[in-house]
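Chemist: Here is how the chains run, residue by residue.
2 protein chains.
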Amino acid sequence: MQKGILTVISGFSGAGKGTLMKTLLSRYDDYALSVSMTTRAPRPGEIDGKDYFFVTVEEFEKSIAEGKLVEYARYVDNYYGTPADYVFEQLKKGKNVLLEIEIQGALQIKEKFPDALLLFITTPSAKVLEERLRGRGTETEEVIRKRLERAATEAADVGKYEYIIVNDVLEEAAESMHNIITNSKFATSRNARFIKDMKSGIDSLLKGE
Amino acid sequence: MQKGILTVISGFSGAGKGTLMKTLLSRYDDYALSVSMTTRAPRPGEIDGKDYFFVTVEEFEKSIAEGKLVEYARYVDNYYGTPADYVFEQLKKGKNVLLEIEIQGALQIKEKFPDALLLFITTPSAKVLEERLRGRGTETEEVIRKRLERAATEAADVGKYEYIIVNDVLEEAAESMHNIITNSKFATSRNARFIKDMKSGIDSLLKGE
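In the order they appear, the protein sequences are chains A and B. Per the working numbering, residue 1 is the first one in the first sequence, and the count goes up by one each step. Per the working numbering, residue 1 is the first one in the second sequence, and the count goes up by one each step.
Treat the hints as calculated values from the structure; they're not laboratory data. Be aware that a few hints might be false.
No more than 27 Å apart at the CA atoms, straight line, and that leaves these computed lysine-lysine pairs for DSS-like [to be verified]:
#	chain 1	residue 1	chain 2	residue 2
1	B	K3	B	K127
2	B	K160	A	K3
3	A	K196	B	K3
Label pairs and their calculated CB-CB ranges [as the list claims (entries may be wrong)]:
#	chain 1	residue 1	chain 2	residue 2	range
4	B	S189	A	D30	17 to 27 Å
5	B	K127	A	A192	37 to 47 Å
6	B	E172	A	S204	51 to 61 Å
7	B	S204	A	Q104	51 to 61 Å
Computed from a predicted model, the values in this text were never measured in an experiment. Backbone N, C-alpha and C define an ideal beta-carbon position, used for all residues, glycine too.
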């Protein structure tokens, strides 16, 4: 049976991804949060190795060249990526690694690591999504519109994820998310080895070995 | 969000399918056991509508002709099948319907009802499977061999199921099975409608409708 599950989390802005991830991390011992690597400068209060791994452009490009990133992208003038070492170290320890990332990155990861679990966090309805975006009360109409436009694009790709987590009542969504991650270890697609061993084990019994 | 889940259960002889199903039925309110229809005569103590729906060959063939069976098969001189009405009535009530059936029937159901959840119950290893078959102490070598041969055939098709339930510790297997069934409601493959509504809802917001 496989150890930790690489869990990729995407979702609409305002759906509560961050809160859900924090809830799992604080409530259960079996999670680790992937820490991104970036070339941007640390902001006040940000801690190297906790908020990000802060590196130079040279170091980042060396990591790319050496295949040491699970995925990466460049936004404006900075690189952002996911260091593979940390992820695999945690998975080996049996931790489910939570990795928050947008859809294109998520699909990249699934292609490279078919055992990754892709979860999409959504509000119960479009109406609630709008309420949550407005509810913050801190954004201009322009920003809200941009987020809705982005949500419309994302909605077209939700079917590429394995599960949706409908974040209506936080407690229920967190429990459901935890159960889905935990039990994804039992998906036949993640147990080719177990199934193969079972089959050859039965064959051996029949041959009287 | 969809209501009950049609859950098809197969597994190795001796893996504990019956015990697991009984455990779910006794512990949670959200399950119903599918009752098969058959043309064979009731055995002493069997109750019509509980153990089986006992019908005549004419009645059974009428049910086939009218498409009233989810699946059916003929063994020796008798028909066995799953009446659709009962299944859909229970699903509508929000019950997860448990249906124990061998692999060919399971695949038939998945083809007809893509939302069905296919679970395969297994022992933790081939060795334990043999122990459980022998442990009953009531079977001849010939019978045990036949069961192992059948298990070898079944093992080749396990990958067609969505999840394996490894029945090592009954309590854990039952909980895992319950969680898998409950959360399968959140699989994107079972939520095409929700995703579509979400997308058109966001599009409407953007159009200012």
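Chemist: Indicate, hint by hint, whether the structure satisfies it.
Modeler: How the hints compare with the structure:
1. For the given pair, B:K3 sits about 39 Å from B:K127 by alpha-carbon distance, which is inconsistent with the 27 Å threshold.
2. With a C-alpha separation of about 22 Å, the suggested pairing of B:K160 with A:K3 holds against the 27 Å cut-off.
3. In summary, the hint linking A:K196 to B:K3 is not supported, as the alpha carbons are separated by about 35 Å, beyond the 27 Å threshold.
4. The hint said 17 to 27 Å for the Cβ distance between B:S189 and A:D30, and at roughly 26 Å that hint holds.
5. Remark: the range hint 37 to 47 Å for B:K127 to A:A192 is contradicted by a beta-carbon distance near 20 Å.
6. In this structure the hint that B:E172 and A:S204 lie 51 to 61 Å apart at CB is violated, the actual value being about 27 Å.
7. Between B:S204 and A:Q104 the CB atoms are about 26 Å apart, so this pair departs from the stated range of 51 to 61 Å.
When held up to the earlier numbered hints, the structure conflicts with 1, 3, 5, 6 and 7 and fits the remainder.
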